[in-house]
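> Spelled out from the first residue to the last, the chains are:
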Amino acid sequence: MEFQLETAKIIPKENLGEFLEGLKSFGRLVAPVKKKEKFYFSEIDDVSKVDTDYIRTILPPKKFILEYLRERFEYSPEKMEFLETFKPQSQVVFGLHSCDLHGIAILDAVYLKGENPDPRYLAARKETVLIGISCAPDEDCFCISTGTAFPDGTSWDLFFTDIGDSYFISIGSAKGDEIVHSLEQLFKEISKRDLVLYKKVTAEKKYMFKDGNIPDIERISQVIELEFDSEIWDEEAKRCFSCGTCTNTCPTCFCYTSVDVPSLDGSVVKRVEFITSCQYPYYSLVAGGHWFHENLKERFRNRYYHKYVGYPYQIERFGCVGCGRCQHECPAGIRIVDTLKKLRGAGDEEKSGKATDNIHSA
Amino acid sequence: MKKSLEKLLTISTVHDPFKPQKVRIADIEYLAPDHKRFSFVFVDEELNETWSFKPGQFVMLTVPKAGEIPISICSSPTRKGTVELTVRNVGRKTNVLHQMKCGDVLGLRGPYGNSFPVDLMEGHNVLIIAGGLGMAPLRSLVWYVLDKREKYKKVYLLYGTRNYESVLYKDELGRLKSRNDIKCIYILDKVGTEEDKNWTDREGLITSLIPEVDLDPADTYVAVCGPPVAYKFIGAELIKNGYQESKVFVSLERKMECGVGKCGHCQVGYKFTCVDGPIFPLWDTKNLPKMI
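Chains A and B supply the protein sequences, listed in that same order. Just so we're aligned: 244 in our numbering is position 225 of the first sequence, and the numbers increase by one with no gaps anywhere. Just so we're aligned: 246 in our numbering is position 224 of the second sequence, and the numbers increase by one with no gaps anywhere.
If you're looking for bench data, these hints aren't it; they were derived computationally from the structure. Fair warning: there could be bad hints in the mix.
Claimed, not checked - Just some of the chain A residues that point at chain B, by a computed CB distance under 8 Å: (1) F260; (2) F273; (3) T276; (4) L304; (5) I353.
To be verified - If you anchor each label on the Cβ, the simulated ranges turn out as follows: (6) D157(A) <-> W305(B): 40 to 46 Å; (7) P311(B) <-> V280(A): 34 to 40 Å; (8) K98(A) <-> T72(B): 20 to 26 Å.
Backbone N, C-alpha and C define an ideal beta-carbon position, used for all residues, glycine too.
The shape of chain A in the complex, shown without the other chains:
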């Protein structure tokens, strides 16, 4: 498995620049960079710009596998022969946090599972090397609740764990091993001290979360179903602008709209897909004028329902990785963690024991 000690290596932090430079021979390099106060995953030319000291980027790395605006086909309306225009590009995405690796694992499940895997997604995924890096949470992170604080069970090629003056490298795939071999001179064998440090920092991560910042995810599907008609949805939705920031910044949201765009002379039509949001009013509008999600409250609730009830049915895990992007970026200041807490509080006073008291006194 991917955490085998046999294959693990150490890279001193001063070698990181050279390592990143070396990655370029495996495809275009994508890594986090800082612009003003925010971080972005960007294509890297100058490796000194790479900044690993970040909490979260605005947009998740899914934009490099599942572009936000993309072409599916091109066809001539006379011939009706569909030509694929997409050419996958070899790329190495460096600096992914555990939550984003889980986000990609969820997209893998949505796009590749079942009878009809998406060939374009598969092609892009085949050409992508994923290199993860350990992180420390801030007040918006709640990956410890969603079980995504560690990269276990996801697909990645290398994973870097910060152990002070160097990174502890776990190798997750043959491709990862190839990369390490090709840059062998930058790595060291692990020492006993490295291993102790690695185990220590990994084990300590969970104590870095503050109780007040993380929601209780246990039986959350049930809570959301029980509170389906709760007034809390109205209260929370009242503040929502329907702007779609939450879904656009979500590493697991995958909904898209597809439109055929003819050229000006009509000789060529492009089938263009672009990311959409269940928060937009027209998301569920069908011809004839029927809105399946008729109001803001329903759209607002739909996001939670799909993340915590829908995904478990569809891919057997939650559609939320606790990255905190939606609540960090929400212009209305709506916090998913608070909504979940309120929902749990609405019908469930188990902690205080009030619920059972009431039964006994009734």
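Given chain A's structure and the hints, the job is docking chain B onto it.
Only chain B this time, still in chain A's reference frame:
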């Protein structure tokens, strides 16, 4: 999950479910105002033989320059050669389709979704309840069952329409009445217009026909398609008359962009209409919030 990815990574190409096949309009039949039945043949001749589906499934039809629309198939797989779609002119894309002529080429991909449980139905009675345009996917089932008639016990067709003008497949439904291996009862909501007076069948709501159906409910599979609002009433009436929730199936419509569970638009409760439906057991109308 990791396993399915690793497995796929070793395959050079996968079948592209997004790629439409070229089809040509072979026939267009005007059915009612804004309703036409289009017959398509694949330009790739071999597909006309091999392309198969089950009643209740749908296809994604590419209307040139306009885009893709999900339409359920109204022909039966027992009659190969053409794929027939009944389309109501209701939006931008269907409007373009309604301007098209015989010989025009389009794109078609599918079939998608599950189907009416035609295999489970074997050896049992079949009750088919159609309201309005809901007759389209059920026409596929009617012909399927009639073409394999020996496999099923008694077959009933109930068809409800709003007015005389919008009756679909008038001749066909008329001829069905004279067959003795299917019992047909047609009903019109309320005779209002002058034209409605041509109606020679029953008048009233479709639910009023259910108690008249002479079938053993425990031995009967029911297929329903109509406007979603009707499901609540039809479902309740069926239950009242002893039909079993697990043997009643309804067909659903939602917005769709992909047909293969990737675009997210067709969510109904925790399910996707395109891959988990469009045929749902009656239980789901209670189980999935906001389904009907």
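> Confirm or reject each hint.
Hint by hint, here is what the structure shows:
Because the smallest distance between the Cβ of F260(A) and any Cβ of chain B comes to about 21 Å, over 8 Å, the interface hint for this residue is violated. Below 8 Å, beta-carbon pairs count as interface contacts, and F273(A) has one with chain B at about 6 Å; its hint therefore holds. Annotation: T276(A) was flagged as interfacial toward chain B, and the flag holds, the nearest CB pair being 6 Å apart, inside 8 Å. Restraint check, L304(A) versus chain B: the minimum CB separation of about 7 Å is within 8 Å; hint holds.
The interface hint given for I353(A) is broken, as the beta carbon of that residue sits about 21 Å from the closest beta carbon of chain B, more than 8 Å. Our hint of 40 to 46 Å for D157(A) and W305(B) holds, since their Cβ atoms are close to 45 Å apart. Our hint of 34 to 40 Å for P311(B) and V280(A) holds, since their Cβ atoms are close to 35 Å apart. Here the CB-CB span from K98(A) to T72(B) is close to 22 Å, well matched to the stated 20 to 26 Å.
Checked against the numbered hints given earlier, the structure breaks hints 1, 5 and satisfies all the rest.
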